[in-house]
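Novice: For reference, the chains in residue letters:
Number of protein chains: 2
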Amino acid sequence: MPTYPLYEEYVSKMRKIADVKHAMAVLQWDEETYLPPDGASIRGQQMATLSEISHELFVDQKLGNLLNELRSENGLVEKEKKNVELTSEDYNKNKKYESSFVRKLSETTSRAYHAWISARRKQSFDEFAKPLSDLVDLKRQESDILGYKSHPYDAHLNEFEKGATVAWLDSVFKEITVPLKELLDKITTAKQVDDQFLNQHFDKDAQWKFGLEILKDMGFNFESGRQDISEHPFTTSFNSKDVRITTRINEKNFTGMTWSCIHEGGHALYEQGLSIDEYGLPAGEACSLGIHESQSRLWENNIGRSRAFISLILPKLQHYFPQLNGIEVDALFKAINKVSPSLIRTEADELTYHFHVMIRYELEKELIAGNLQTNDIPAYWNDAYQRYLGVKAPNDASGCLQDIHWSHGSFGYFPTYSLGSFYAAQFYSVMEKENKSLEIEIQQGDFAFVNRWLKSNVYNAGRLVTSTELCNKITMEPLNLRYFIEYLETKYTQVYGLR
Amino acid sequence: MPTYPLYEEYVSKMRKIADVKHAMAVLQWDEETYLPPDGASIRGQQMATLSEISHELFVDQKLGNLLNELRSENGLVEKEKKNVELTSEDYNKNKKYESSFVRKLSETTSRAYHAWISARRKQSFDEFAKPLSDLVDLKRQESDILGYKSHPYDAHLNEFEKGATVAWLDSVFKEITVPLKELLDKITTAKQVDDQFLNQHFDKDAQWKFGLEILKDMGFNFESGRQDISEHPFTTSFNSKDVRITTRINEKNFTGMTWSCIHEGGHALYEQGLSIDEYGLPAGEACSLGIHESQSRLWENNIGRSRAFISLILPKLQHYFPQLNGIEVDALFKAINKVSPSLIRTEADELTYHFHVMIRYELEKELIAGNLQTNDIPAYWNDAYQRYLGVKAPNDASGCLQDIHWSHGSFGYFPTYSLGSFYAAQFYSVMEKENKSLEIEIQQGDFAFVNRWLKSNVYNAGRLVTSTELCNKITMEPLNLRYFIEYLETKYTQVYGLR
Chain A
1 MPTYPLYEEY VSKMRKIADV KHAMAVLQWD EETYLPPDGA SIRGQQMATL SEISHELFVD
61 QKLGNLLNEL RSENGLVEKE KKNVELTSED YNKNKKYESS FVRKLSETTS RAYHAWISAR
121 RKQSFDEFAK PLSDLVDLKR QESDILGYKS HPYDAHLNEF EKGATVAWLD SVFKEITVPL
181 KELLDKITTA KQVDDQFLNQ HFDKDAQWKF GLEILKDMGF NFESGRQDIS EHPFTTSFNS
241 KDVRITTRIN EKNFTGMTWS CIHEGGHALY EQGLSIDEYG LPAGEACSLG IHESQSRLWE
301 NNIGRSRAFI SLILPKLQHY FPQLNGIEVD ALFKAINKVS PSLIRTEADE LTYHFHVMIR
361 YELEKELIAG NLQTNDIPAY WNDAYQRYLG VKAPNDASGC LQDIHWSHGS FGYFPTYSLG
421 SFYAAQFYSV MEKENKSLEI EIQQGDFAFV NRWLKSNVYN AGRLVTSTEL CNKITMEPLN
481 LRYFIEYLET KYTQVYGLR
Chain B
500 MPTYPLYEEY VSKMRKIADV KHAMAVLQWD EETYLPPDGA SIRGQQMATL SEISHELFVD
560 QKLGNLLNEL RSENGLVEKE KKNVELTSED YNKNKKYESS FVRKLSETTS RAYHAWISAR
620 RKQSFDEFAK PLSDLVDLKR QESDILGYKS HPYDAHLNEF EKGATVAWLD SVFKEITVPL
680 KELLDKITTA KQVDDQFLNQ HFDKDAQWKF GLEILKDMGF NFESGRQDIS EHPFTTSFNS
740 KDVRITTRIN EKNFTGMTWS CIHEGGHALY EQGLSIDEYG LPAGEACSLG IHESQSRLWE
800 NNIGRSRAFI SLILPKLQHY FPQLNGIEVD ALFKAINKVS PSLIRTEADE LTYHFHVMIR
860 YELEKELIAG NLQTNDIPAY WNDAYQRYLG VKAPNDASGC LQDIHWSHGS FGYFPTYSLG
920 SFYAAQFYSV MEKENKSLEI EIQQGDFAFV NRWLKSNVYN AGRLVTSTEL CNKITMEPLN
980 LRYFIEYLET KYTQVYGLR
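These protein sequence lines map, in sequence, to chains A and B. Take 1 as the starting number for the first sequence in the working numbering and just add one per residue. Take 500 as the starting number for the second sequence in the working numbering and just add one per residue.
Hints were generated in silico from the structure; no laboratory data involved. None of the hints are false.
Each computed DMTMM-like pair below joins lysine to aspartate or glutamate, with the alpha-carbon atoms no more than 25 Å apart: (1) B:Lys708 - A:Glu31; (2) A:Lys455 - B:Asp537; (3) A:Lys96 - A:Glu69; (4) A:Lys62 - A:Glu85; (5) A:Lys122 - B:Glu722; (6) A:Lys13 - B:Glu530; (7) A:Lys16 - B:Glu551; (8) A:Lys62 - B:Asp559; (9) A:Lys13 - B:Glu597; (10) A:Lys104 - B:Glu508; (11) B:Lys621 - A:Glu223; (12) A:Lys21 - B:Glu531; (13) A:Lys16 - B:Glu531; (14) B:Lys561 - A:Glu56; (15) A:Lys21 - B:Glu555; (16) B:Lys520 - A:Glu32; (17) A:Lys122 - A:Glu107; (18) A:Lys252 - A:Glu213; (19) B:Lys512 - A:Glu56; (20) A:Lys13 - B:Glu606; (21) B:Lys520 - A:Glu31; (22) B:Lys648 - B:Glu597; (23) A:Lys209 - B:Asp704; (24) B:Lys715 - A:Glu31; (25) B:Lys703 - A:Asp228; (26) B:Lys520 - A:Asp38.
Over 12 Å on every C-beta distance to chain A, these chain B residues come out as not near it, computed from the model: (27) Lys594; (28) Asp716; (29) Arg747; (30) Thr754; (31) His818; (32) Arg844; (33) Glu938; (34) Thr974.
We put the beta carbon where it would ideally sit given N, CA and C, even for glycine.
Construct all of the structure, not just a fragment, from the sequences and the given hints.
Specialist: Written as structure tokens, this is what we have:
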């Protein structure tokens, strides 16, 4: 058996790289949760060092040789072959980057991030324009480094969702726009929903305890994870036995915290469900960002905003917040599903959310193609918001400066949010078909079927299949927007009594 | 100026190593404060990987060559020369270790640590004996690797306190034993102190707030650090702009938390006082463990247990804990300075504490010399506690298993605790001489002089001098035990009305 020592050597190298990457994740988590203000500058340097070391470990020629040898081995089982194949792809991609480019990108990103912070504070895009322009230039170079077939933006889309292209996403967004607009029109002219009772004082500690209770009900394992407070909620994983969620609390409205807990809980269950035996290997990683987002949205929306789920949590809510006594299931169900075009993506409802994404997608496409200059972003942005949503930002902070993504150099990320919603609806329709009592189980707080289904269909697949392959495997067809549209139509018919 | 590029290159390499080491420190801090239970095993592996990387970076031949070139440079200023010289010493020391030995030591330590945890739970030394014996064997090998002149234990003492030897410490402990015993005898026959009022219920949150207030008063900068809860209090630093303290709270007695805050605060002020410009270089590091401990003990004992300090904090204490109303300064001063031979080192008073250290020092000396087998530790321990302190542990958990140090492979560490007390008394006597109103200032909560004095005399020196050189520089003489003995005599004369 000459194979195994080689494969073990490969595993051990990959684990070492994973250790470094996850050490970075710990530093990042600490930065967002507990870092004292003065600690930020050296922390940035410490993370850059780890990032450099991790890159150096990954482009080591010895790893390349090892991968080559393993690819011509016949003794590997299927999963091992796949691990090696995907790592080889990663290796070849990493090899394309020269150290000097990596360093320049890291420095430029850091400058852009600080400019964004400052510009946002001043609520004006101006001082972000130049650093962002420098970053876009590098991103355009990166398109060439990574390579693409039709559109330079494809190279970046592929980074976040393997196989995604402009051609495909153009057709996806085109197809979804009309039914979304029609639905929005109907809702706008229907009887409006009262959600005023959501705006009261909700005690911080009670919200915190309620959030933990929901996470526990969902199946989040607190022996293998924890929740903390940060400015922006996020989920991070240091391995499947240590998954961290963060949240934030607004005492004037409990819904943000509650559905953010459920959303991050969905991400976290995915991470806790990955195989610890495959730590550091593709088989132990999440499939894609789109699929990751499908997990958070399936829990947050398909389950979390369903009438059944509202029935489940209302008595608990009333226990923690007696001010909600007298509110009925139907009223809460409608209130938390209210549709209303607005300025801020992260606060948008399930319908108008996708217009926020489309605006960013179109804008990024033009930026990376070189058809739009960063100076022109505010005008482009405001015009698009007027056209798509009929709203106007009073300043850039609630306009084109609202998202952190560009300042991090993440172009091509936003579409995965929409893909997440679409995949979630498609997966959920299969779950509903397979389990006719799903609604009743949810109402009773019994998530055993959901947990089992996601584990065997999604978590266990790791990154050994693409999102399209996974979707085909689970639903017997590729992404089909019909499921999402039907899901929204059914929901808003209930909420707004449409037709 | 051909010098500077080379020196800059050296600085940049050292910073990179420091980044990795401090990333490890973040992981360690997280492990002791927030890590969920299941996260421990992979966390251990992640830290081992960083430790390996840091070692590899430090023994890189390129660094060796660079150091050689720099040592023959004439253009360096004194501080730079010193940095290079000390780094060369570190480099040569690191080079002595073969990777296989480092790995074996790390694995054996990990096994010993887990065996200690388990043995401690069972309150019996038995299952720790073999893993500890394996570790001692490696430590004896390490004596040879590191080299020593007279006693193999010297090699380990030198690791924690440069220049410390068995010959020197034997004489130190011999000199201090007689006056300590005489003082203890006098105290034992004097009228005893009433500290019963310390044992009441003290609210957790109030203790937490009081601890933060004291730290702030001492000059701890919360913009550059923070405090959290852990099982065992400790201080760690990721750079002088991010220094973390931990504490624990016992609601049945507030004194543990209070003086532990002051103790860790002393360590933390030292770390915050180190030069950020010299990050990663000897000039930006603490002098030695003994000097570090002098800082925590100077604050905890010389200042924190003084009558002046008690006057300062009593009204604050009574604000947080009204149950202390009616207690007078004198009563609290006496209660928190009560002397009583006991079983647990960390809970010992300032006098008997040093017998705890001596017992461990003697025991380690025999272990490393090969004169004592680990199986015989419990009997040796119990006999020594009977002889030195007249107490007997009901089981090994409160006997020879009480400290974590051996399970970490830290032999030679304990003496630095005593040295810290001795240096603190000697330094404090200079401060008192230089500032006749020191006592009044403390009583008024004015620590400006103390902060300034420690900064200019201790913090600014970094690791560019040894502890002996520092002591000579500050006090015009080497370590002199007279100061510590006089300090105790004065204190206990006040507390017990001796003579």
